[in-house]
Every structure is written in C-alpha cells, then in structure tokens.
Amino acid sequence: MGKASKGFTVVAMMATGLLGACATQGAYATRDALVDPVNCSNQTFEVYFDEGQARLTAAAREAISMTATRLAGCHVESVRVTGLADASGSAAANQNLSEQRAQSVREAMAATGWPAPAIEMAAVGAEGARTGSVNEPLRRRTEVVVVASSPRR
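All the letters of the sequence shown, read from the start, carry residue numbers -29 to -1, 1 to 124 under mature numbering (1 follows the signal peptide of the UniProt record, and there is no 0).
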C-alpha cells in the first residue's frame, strides 16, 4: 500500500470513528452543529498512527480539536488516553511506543485547551494485538475516553 493510500485509509478510519461516535446523537447538517456543545455527554474517539510512529497527523489533530470545541461549554470530569501498539517488535519497544503515542495525544489535547491535569495516561503495548498469526494494524492507535457532564454554569 502506497503512502498516499495509507494516509487516506487513516483519515477514512478516523472519519468513520468520528461519524460513528456522532451517530448516537443524530445527524449533523453542518460543522457548527457538530461542534455545538448542546449535548454534554461522554465522548470516545480514537487517534490512529502509522506503523512504528507516535507522530500525530493533521487529521488526528483535527479530531482532537473538534472534540475539544464540541465540549468547550461542558464540565469535563476526566479524560483517559490509552496508547496501544501492534504486535510487531519487542514487548519493550511496543510498550515504549504506546507510551509515546499517549503522550503525543495528551500534549496535543493540552495545546488545544483541554484541562491537562485531568488527563490520565495509560499504555498497554501490544497486549492482545495478535489474532492467530496476524498483527492487528488497528492496534496502532490511542483511545481517548472523555467523561463530561452538563454545561458549566
């Protein structure tokens, strides 16, 4: 798979994840409707990475920014960022890569105004990343779980 094709796949997977997360709250006709914080509820999204990388893509930064904008008027109770890796490489290298991925997302979230002290990090390396003899490329991600409640007063 070429670089352009890989990039498109990552963006498509992220877009699918964002749309899937929004599907339970109804369809959005405009970007403003998507980022309007009328429904302060828990949010979950994933940030995907290229193999062996912890560097955020432009699409990943946009997903983080859009979620921050959407929750700007909400009370964010907690944020948990969990870094994962596929099963290629050593256990130590995968654990380190998972930690770097979680840190990259945490730093980007803090830069867009997320409450940095409230962001918890975890890294699980390649634990559970192999199905039979196949590496699971969807493990090359960071999961972000946001617990939010009604708008701040």
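Hints are computed from structural coordinates only; laboratory data are not their basis. Just so you know, not all the hints are guaranteed correct.
[What the hints assert, rightly or not] Computed beta-carbon distance windows for the label pairs:
(1) Ser12 x Ala64: 34 to 42 Å
(2) Gly84 x Glu22: 29 to 37 Å
(3) Gln24 x Thr83: 32 to 40 Å
(4) Pro108 x Ala29: 14 to 22 Å
(5) Ala63 x Val118: 26 to 34 Å
(6) Ser121 x Ala64: 39 to 47 Å
(7) Ala43 x Gly23: 17 to 25 Å
(8) Gly44 x Gln24: 21 to 29 Å
(9) Ala29 x Ala62: 25 to 33 Å
(10) Gly84 x Val116: 34 to 42 Å
Backbone N, C-alpha and C define an ideal beta-carbon position, used for all residues, glycine too.
Hints and how they fare:
Under the hint 34 to 42 Å, the C-beta atoms of Ser12 and Ala64, about 37 Å apart, fit the expected range. For the pair Gly84 and Glu22, the supplied restraint of 29 to 37 Å holds, since their beta-carbon distance comes to about 30 Å. Here the CB-CB span from Gln24 to Thr83 is close to 20 Å, at odds with the stated 32 to 40 Å. Checking the proposed 14 to 22 Å range against Pro108 and Ala29 shows it holds: the Cβ atoms sit about 20 Å from each other.
The given range of 26 to 34 Å is respected by Ala63 and Val118, whose C-beta atoms sit roughly 31 Å from each other. Evaluation of the 39 to 47 Å hint for Ser121 and Ala64 yields a pass: the beta carbon distance comes to about 43 Å. Roughly 34 Å separates the CB atoms of Ala43 and Gly23, a value that falls outside the hinted 17 to 25 Å. At roughly 34 Å, the beta-carbon separation of Gly44 and Gln24 lies outside the given 21 to 29 Å, and the hint is violated.
Between Ala29 and Ala62, the C-beta spacing of about 31 Å keeps the proposed range 25 to 33 Å intact. Our hint of 34 to 42 Å for Gly84 and Val116 is violated, since their Cβ atoms are close to 18 Å apart.
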